[in-house]
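Novice: Sequence:
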Amino acid sequence: MVHRRRPTPGGATVAATVAVIEAHRELTPILDEHLADDEGEILPHLVVSDIVRWMVAQVGTRPDVCTSILSWLERAFERGSEDVRELIAVSAGEMIPDPGQPGSELRGWLGPELRKVDPWLG
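So for the sequence shown, the working numbering puts the first residue at 21; every next one is plus one.
Do not take every clue at face value.
[Unchecked claim] Label pairs and their computed distance ranges (CB to CB):
hint : residue 1 : residue 2 : range
1    : A56       : D138      : 17 to 25 Å
2    : S88       : S124      : 13 to 21 Å
3    : E61       : G120      : 32 to 40 Å
4    : S101      : R135      : 18 to 26 Å
5    : D57       : P132      : 33 to 41 Å
[As the list claims (entries may be wrong)] Below, a list of computed lysine to aspartate or glutamate pairs in the DMTMM-like style, where the Cα atoms sit at most 25 Å apart:
hint : residue 1 : residue 2
6    : K136      : E106
7    : K136      : E102
8    : K136      : D103
9    : K136      : D84
10   : K136      : E125
11   : K136      : D118
12   : K136      : E98
13   : K136      : E114
14   : K136      : E94
15   : K136      : D70
To be clear, the hints were calculated from the coordinates, so they are not data collected in a lab.
Predicted, not measured: the structure shown is a model, and the values here were computed from it.
For every residue, glycine included, the Cβ atom is placed at its ideal position computed from N, Cα and C.
Based on the provided sequences and hints, a complete structural model is requested.
Specialist: Structure, rendered in structure tokens:
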């Protein structure tokens with residue numbers, strides 16, 4: 021599926037956001053809804069936060085997809101620009117529910133680099 025969007029600032033963060041969705045087609049509805057709500061503009065921090073909310077809802081039924089997304093984010097964090105690293109640390113890592121809350125088990129699936137920036141593990 022080709023998504024039409026207006027050019028947005030932060031090309032690296034937009035590219036990373038689109039890439040994680042292209043690698044995990046289950047997330048396509050998240051981007052579609054976001055594009056509809058935001059007049060075709062991709063706001064990476066909002067989309068990535070929505071991805072984490074999706075993972076929280078799916079952690080019990082789709083752990084394989086959740087771990088795959090977290091692995092993808094780990095690799096992107098390791099080799100990403102400062103903007104991409106901030107996007108992942110803030111809009112993914114900080115959005116994982118606090119310990120004891122539903123979905124908090126995602127925190128235990130973080131790779132070593134994301135564990136370092138996690139507010140509970142770092």
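Novice: Decide if the proposed pair is consistent with the structure: K136 and E102, CA atoms, cutoff 25 Å inclusive.
Specialist: holds (15 Å)
Novice: Given the hint that K136 pairs with D84, test it: the Cα-Cα distance must not exceed 25 Å.
Specialist: Cα-Cα ~23 Å, so holds.
Novice: Given the hint that K136 pairs with D103, does the C-alpha gap stay at or below 25 Å?
Specialist: holds (17 Å)
Novice: Taking 17 to 25 Å as the hint, is the beta-carbon distance of A56 and D138 inside that range?
Specialist: violated (32 Å)
Novice: Range hint 33 to 41 Å: satisfied by the CB atoms of D57 and P132?
Specialist: holds (35 Å)
Novice: The hint says 13 to 21 Å between S88 and S124; measuring C-beta to C-beta, is that right?
Specialist: Since the Cβ atoms of S88 and S124 sit about 19 Å apart, the hinted range of 13 to 21 Å holds.
Novice: Given the hint that K136 pairs with E98, does the C-alpha gap stay at or below 25 Å?
Specialist: holds (12 Å)
Novice: Does K136 pair with D70 here, judged by a C-alpha cut-off of 25 Å?
Specialist: Distance ~22 Å between K136 and D70 Cα, so the pair holds.
Novice: With the threshold set at 25 Å, check whether the alpha-carbon distance from K136 to E125 stays at or below it.
Specialist: holds (16 Å)
Novice: Sort out whether E94 lies within 25 Å of K136, counting only the CA atoms.
Specialist: Given that 25 Å is the threshold and the Cα spacing comes to 11 Å, the pair holds.
Novice: Assess, step by step, whether the Cα of K136 is no farther than 25 Å from the Cα of D118, and give holds or violated.
Specialist: holds (16 Å)
Novice: When you take the CB atoms of E61 and G120, is the distance between them in 32 to 40 Å?
Specialist: Because 36 Å falls inside the window, the suggested range holds.
In the structure shown, a violation is registered for the earlier hint numbered 1 alone.
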